[in-house]
Amino acid sequence: MEGDAELQDLYRETLLDYFRSAARKGTADPADVRAHGINPVCGDELEITARREGGRLAVVRYAGHGCVISQASAAMMAEALEGASVEKARELVAAFKAMMTKNAPLESLPAELETAAALEGVRRFPLRVKCATLGWNTLAQGLDAAEGKKNV
Amino acid sequence: MSRLDPAALKADFPIFKRLVRGKPLVYLDNAATSQKPRAVIDALVDFYENHNANVHRGVHTLSEEATAMVEAVRAKTAAFIGAPKPETVVFTRNATESINLVAYSWGRKFLKAGDEIVITEMEHHSNMVPWQLLAKEKGLTLKYVPVELDGTLDLDKVKKTLGPKTRLFAFTALSNALGTVNPVDQLVQAGRSVGAAVLVDACQWAPHRRLDVSSWGADFVAFSAHKMLGPTGIGVLWGREELLEAMDPFLGGGDMISRVTLEGATWNVLPYKFEAGTPNFADAVAFGPALDYLEKVGLDAIRAHEDALAAKAVALLEAEPVVRVLGPKDPAERSGVISFNLAGLHPHDVGTVFDLEGVAVRVGHHCCQPLMHRFQCGGTARASFYLYNDESDVEALGRALRRTIEFFKLGTKAGAR
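From first to last, the protein sequence lines stand for chains C and Z. Start counting the first sequence at 1; every next residue gets the next number (our numbering). Start counting the second sequence at 153; every next residue gets the next number (our numbering).
Some hints here could point you the wrong way.
Heads up, simulated DSS-like pairs for lysine-lysine below, C-alpha to C-alpha not over 25 Å straight-line [what the hints assert, rightly or not]:
{"#": "1", "chain 1": "Z", "residue 1": "K311", "chain 2": "Z", "residue 2": "K295"}
{"#": "2", "chain 1": "Z", "residue 1": "K175", "chain 2": "Z", "residue 2": "K464"}
{"#": "3", "chain 1": "Z", "residue 1": "K288", "chain 2": "Z", "residue 2": "K261"}
{"#": "4", "chain 1": "Z", "residue 1": "K295", "chain 2": "Z", "residue 2": "K264"}
{"#": "5", "chain 1": "Z", "residue 1": "K175", "chain 2": "C", "residue 2": "K25"}
{"#": "6", "chain 1": "C", "residue 1": "K25", "chain 2": "Z", "residue 2": "K565"}
From the derived model, a few chain C residues whose C-beta atoms are all more than 10 Å from chain Z [unchecked claim]:
{"#": "7", "residue": "G66"}
{"#": "8", "residue": "A104"}
{"#": "9", "residue": "P110"}
{"#": "10", "residue": "N137"}
These are computed hints drawn from the structure, not numbers from a lab. Where a beta carbon is used, it is the ideal one built from N, C-alpha and C, also for glycine.
Excised from the complex, chain C in its bound form (with noise of 0.2 Å):
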């Protein structure tokens, strides 16, 4: 069926596996980052939360509730930018927003995003999107608010 390879496409293993997977939902404690993203379509909610150890984001949580897409993109995102330094995490947070909103190629993302890879196909429902591209957002302004940076 047609839309049994769309449906495949789409929600991918991977992507349920994340979903499912409690490794990184919670709360970052003690957290230096802290931010509040609201998808104003839905409005779903998500709480991302990060403690920086030596220029480096050691710890990375997202808390709230939302939809498989909006979720496991977040348990990924955990994932990937545990480690990085600040710097390497903007940088992987604009890789990614390229490739949902500008159809950035595959071959061009970072190797921290394989696995963030997956959400590829998200991209052909535009209006799922921002379920995907939430909780990279929603990092990225605590970031800038951690750096006394306004939101922009």
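Let chain C serve as the given structure and place chain Z on it in line with the hints.
Showing chain Z alone in chain C's frame:
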């Protein structure tokens, strides 16, 4: 009451010729907006091709024609809702604007600090946020009638929330999020018995049930054309004449004035006092055939048809253990709007799988975030029926539902949480 033939009706709606993701369109998002019959689309084209000119301005032939066409639809609208006078029918952009008009032109003029406005927890944001804004501006108290867990209002709690300070009671006739049919007559009576003005949000009522503003006895009634086969960009505010007369204008500009000098202006008569600027006359004209269509099919037949489909859909949904249907259990208290959730799965994922089956449902908070909070969910999936839906649409809903449950292995240990 004559039964309607949905297959014949569907043929009147061009959109049902198209495929969605390779499948025939199954449109179950009627509470958001309805599809349009050929007659409405033709009327819009005919207006632009043959009659287009600004209304209430020129003395040339086209302007006279356009003006007469708009006023004919105003009269038709008045007759459709049982309003004795066409001039008590104000055309707005949508029901949201209608309600904001009342908040601005009536509320700002007549309410003062300490006065109370009562609304219910089940209101659409459009019948909630305007009152929050007004309450903040004027120092009013905004009180909410709670919603029971079965999705209904408790009349005793309504009466307890209303009081001598209540100046306005605003409520929905039919909940867009739960499908609850409210006892409008009793609610209006409760509001009037404490001396409050009463506003009824009839957005979900007007397309599906006979609306008679005279028998309701409310002071204001608001609804939108686009949910009842009409074009987007036309809303209706019906108001009691003496209240409309006493109110100040909403927007200032052309058409709403009687005389303008450098020192000030005086206001035009009803309803033009509230219709500043070039109105959306083309869409107003195309609303006429929508009303004709509803009258031809018959509101009673439409309601009976939708009730039958809704009953089947509810039975089908409730047969699945992972499904929770919100709203009243009693079919008499429920309409063709069905809100449901699948345990362990977000409504957005439900909506995407349904879309892949060609089934259009609404997912999310339905502009009722406080209500969703009351039911401890961020949102729901919502199927809503209209006159052109048929049993095959209910079957498609069932197929999409089973597909979702199977794909995400819901209700099993391996399933989405």
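Quick rundown of the hints versus the structure:
no.	hint	in the structure
1	Z/K311 to Z/K295	12 Å, holds
2	Z/K175 to Z/K464	22 Å, holds
3	Z/K288 to Z/K261	15 Å, holds
4	Z/K295 to Z/K264	15 Å, holds
5	Z/K175 to C/K25	38 Å, violated
6	C/K25 to Z/K565	20 Å, holds
7	G66	6 Å, violated
8	A104	23 Å, holds
9	P110	28 Å, holds
10	N137	17 Å, holds
Checked against the numbered hints given earlier, the structure breaks hints 5 and 7 and satisfies all the rest.
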